[in-house]
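Use the sequences and the hints to build the structure in full.
In my numbering, the protein residues as written are 109 to 1285.
Check the hints yourself; a few may be wrong.
Each pair of labels, with its calculated beta carbon distance range [said to hold, decoys possible]: (1) THR281 x ILE386: 14 to 24 Å; (2) MET1259 x HIS306: 32 to 42 Å; (3) GLU1258 x HIS306: 43 to 53 Å; (4) THR277 x THR407: 49 to 59 Å; (5) PHE912 x ASP702: 18 to 28 Å; (6) GLN719 x ASP331: 39 to 49 Å.
To be clear, the hints were calculated from the coordinates, so they are not data collected in a lab. Beta carbons: idealized from backbone N, C-alpha and C, even for Gly.
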Amino acid sequence: MSTATGAPVGSNGNDTNGTGERRNPLEFAPKRSEIKLISVRLKEAALDSPSFRTSCNYHATQAEQVEMWIDGLLKSLKKYPQHYTDFSEVNSVLLNQLIPDFLKSTTIDQDNTLSVMDCTKMNLNSLWSTSLKDLALNEAEITAVLTEFTKRHVKPFKEARKSFEFLQTKYDTTLSKYSALSKLKDPSALREDSFQLHEVRKAYIAASLEICQETAKFLETLDSTLMQLSEIMFKGRSTFDERYYLRVQSWSQALSKSIDLLLEDMKNSRATIEKSTIAQFEPSRDIKDHNPANINPATLTKPVPGTPSSFEKHGWLYMKTTVGKPARTIWVRRWVFVKSGIFGMLVISPSKTFVQETDKVGVLLANVRYAADEDRRFCFEIKTIDFTIMLQAETLKELKEWLYVFSEEKKRAIESSNSESGKYAFGRYPPLLYEFACTSLTSTDQELTTSRAENANNDDDTYTTVTSSHLATLVGQKSDEHDFSFANSDSSEFRNPDLNTPIATARSKLALVSHAFLDPTVVPTAVTANIWGSVNWGMYYMDETLMSRARSTKNTNNITSLAKKTQYPSYYPPHLINYDLQLKSLFDASAEPDELVVIHFACLWTLNNVQELAGCAFITTKNAYFYMNSTGFVSLLKRPLEYFVAVDVTSEKLWDWIKVYNINGLSMKGRIFLTDGKIIQKKFDMLINNMAEAKPLPEHELIPLLESIEAKETLSGEKLDRHQSKRHKEKSPSPRVDDELSTFQPFSGFNVGGHRMRTNFRDEYDLNEVVEFDAPAKAVFHIIYGEYSTLAKDTVFLASADEFKSSPWHPDGNVIRRDVDYKLSLSNGVLKGDGYIPGRLVQTIEEMVDSKYYRIEEEKKILFSGDKFRWLRKIVIIATDAKSCKVLYYSKVAHKKKRSSFFLRQIFGKSIRHFQRVETQTQINIVKNRVKKLGTHGQVLKAIRTYGHLSQSDEPYKNQEEVLFHLTIIVLFKYYTKTGLYLLTGFIMNIFALVGHLLTKLFVSLSMNWFLLLLLTGSVGFNLFLVGRSTFSYWKERRHEHVVKSLRSELELTQLQRSISLSDMDVLTQLNYNTTTPCFGKFMSSQVIDQKSSAVDSKLREKRHEIAVKRNDLVVELKILEQVEKELIVGNFRNFVLAEINMCKISLDEMGVENDELEIYCSSCIDDYKNIAAGLF
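Structural data, given as structure tokens:
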């Protein structure tokens, strides 16, 4: 059984927009994460991979051990009551003998010694009473739980396992016999055998998928039973933590509900996978595909029609080898793979509970050819300098696929021989760890598995040596044996990992620890096979959009040496080392090698309104990694911390809700049960805020801060019960500024001013506006003055957006300044001769207390009729609480000349104040809109990432050449002319809008009764109109009728009737004498002139006309009768003809009668039937 797989190609990430400019993070922030679930167990079951087989065997072994453990525990529980009674009696005797009666005499000091002895006895009595109470067990309840579990779950699982083993054995035997068939056997018989094998395979595939479901159910019930058992054992004890166990129970129930929903999904996935797998392995019906004699070796390396081209292949092949002494030839199955210029084998261990591997060999060292001289069908040979192996494919199609992949990989390796992956195609690489090296005793396996190899380097004459090592030696265990054991591990780095791997084998946890010494690789290894399966499914399905660029710089084929860091940094907490190893194992090449896990927590991630998935999170100082695994459904997700803006934790009685937000809103949501959510929130927020810093803290400074958060919580006694007590307190008001500042917040980059935080400047300036925003002061500050902010461009009065340039912020003594240069367009082309006028805005940050207070002064210089003015505006941003602030806008106009013209000041003052009001109001509206877009979570980080930090410069501020805005009468005229035109246009548009509004309001304001009355009035009017029209039409028709009647009487119009004259049958004209005489002819022509004859002729014509009308009626009735009779005859004749034709068939065809007259008669019957059918009868 084999399959070809391919990995999706991710697109490279880029933080520029193609023009070299830095992109705003908001443009490529991910939406709410979409979870891709991978059914790893079902996929491996469909492939029947070594990982699947060893995992099934391992779970079966575990089930047997669980059953043995339960049996032993039940036996011990039966003996426990007697031992408990004996222990209680011993304690009672001991306490009674502690102070004998003779000591109460005057032998000892009655005041001191006796009181101490009495106190000791009393304390011991209390201690032992408590201990005896804690040691008391409800063995009946425990026995009932364990017995019920054994009866309802262990035994059914063993039955399912027994049925699976039967079908597996049957399949292996049938496949072995089919593969051993000689190529000389008849091709049609071989095809028949292949279909028999296919029927067995279908049953085995169904059983494999079924055992995956049964295993998932068994493991789920085992977990819930153990949790229930733990609660029974400790409930009512002195050390029983009720709240903790309530959360444990809630976790168990939520997990069971989640698994029940996933089991339904597993059924659907199983049906799909089963159908596709059976279709993939359906034998060919073409007999040529079963005839090895028709194989043309020259065409075997060509692409297989209907199969997608691939540079990798994985699957089962039979391998020819020898065993025993004397040597005996056998064929054994091996899982072979070709990928990245390397081929190798995965082998099931002798214990059948984990996966091992042979050496991996570069494809350029091997010569692959079709073995036509082998007795078995579809064999090919792989020959190197060191070994020769014979492999057999199951079908001709598989043979072609293997030879094609080898051929293409060789070509690709030659073309990229100078690349890193091309160099590996020239070497041989033993397993790096002895614990996963093949230990099979067959001759070929021993040839393929070594512990040392030397490979020549392409670029020089040196050699690279690859050797195997013992994991126990690498860890530093002091033992004579080389077998690694967690119990013997003296190093705290390598504790027993607490992780549910996608595939569980006997050495899955050992494989996790191995990643401390192995570099990431895309080549399949035994380490990967014991964690993920035949391939790393997580990397195949993982969304790589955000990390492909980082991965492209990595070496993903590292199989030549161990790459263990000498040790973790001294500042790294030992309890996190295990989680760091788990991260590297799960995410492999996608995890940055220099990253360290600083936060780890387990939770139930909410996928939708009804479905949750158990998983955990690994947070580093740069990225967040999310791993989910439940019932074999696995998902991996990686997100850079710079995309997150806030983490919100809400505490409830039985769990904590955690919500992670990005710039676009809610990104992920989950429930935490057994960890303090508030500690996680504080740590997570610190990492997110650190990423928002212009200069983030390095890892060695950040980790101690994170550890101190948990230490402070522990010292202050704020544990799980703190969450419940908060719920009963009075709802707290908005958090104070100090509360937010006590957390780690990103700093804007400058310390400015003397922290006076003055807000009242009315003695110097005019107060224009006071506005409150539902956002922190820091967020509003970055919205207005951030590097990406366009607020100045959007608000400077009359400024052209195309002519706008701002400098970085420069230090200038105790303040920082920047210049904003722009050009003004006074009428926007409305008036002729209107050009651009240069202007400059100087912005100065006078004082800043980060997150609390900001004071900025803005200055414009204006020249008006020889007098210089300074247009000044002071903006004060002060926090009212942690989530809102107040902004005060002050302004004034300063004159350089103390004695300026009063008239000029009046003209200028009104204009400048108008300009200031427009700018201020525009800025307020834009800031309100931007604050609204920030949402309610992570507003500061969203503002920083959207609108940027303050662009800094170390150079001191230099006074630039003065730019004056020359405000003249012509300039004011142009502006006010444009303004007047805009106002006139607006007035006209407002009139139209007002009319429409009034009409709409009038219609809407009518009540339903008035509306119905209006409809009734309209209906009455319409009906009166129709009545008038109808009356007019009636009298008009009456007049027309009168005119027609008068014309009819005048024209003597007669009634038109149809008549038929049968001159040939007219009895009146068939006289006995000659009717051709002139006299009779004149009579018939009615050319009689005299009056008497004329009257007779008229009467005659009328009589004859009446007779003709009657004749017409009679003819019509006669025609109808004739048609009825015809149909009657035709119908009966049709039945008669059909009966005759039937008799003819019986006589001529069935009875074989030979009669010419009968044949002529039958032919006439057939002709008559055809005429009837054609309507010719």
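Structure-based check of each hint:
Distance hint for THR281 and ILE386: a CB-CB separation of about 20 Å, consistent with the stated range 14 to 24 Å. Hint check: MET1259 to HIS306, Cβ distance near 52 Å, so the stated range 32 to 42 Å is violated. Separated by about 47 Å at the C-beta atoms, GLU1258 and HIS306 satisfy the suggested range of 43 to 53 Å. In this structure the hint that THR277 and THR407 lie 49 to 59 Å apart at CB is violated, the actual value being about 37 Å.
Distance hint check: the CB atoms of PHE912 and ASP702 are about 41 Å apart, inconsistent with the given range 18 to 28 Å. In this structure the hint that GLN719 and ASP331 lie 39 to 49 Å apart at CB is violated, the actual value being about 19 Å.
When the structure is compared with the earlier hints, violations turn up for hints 2, 4, 5, 6 and for no others.
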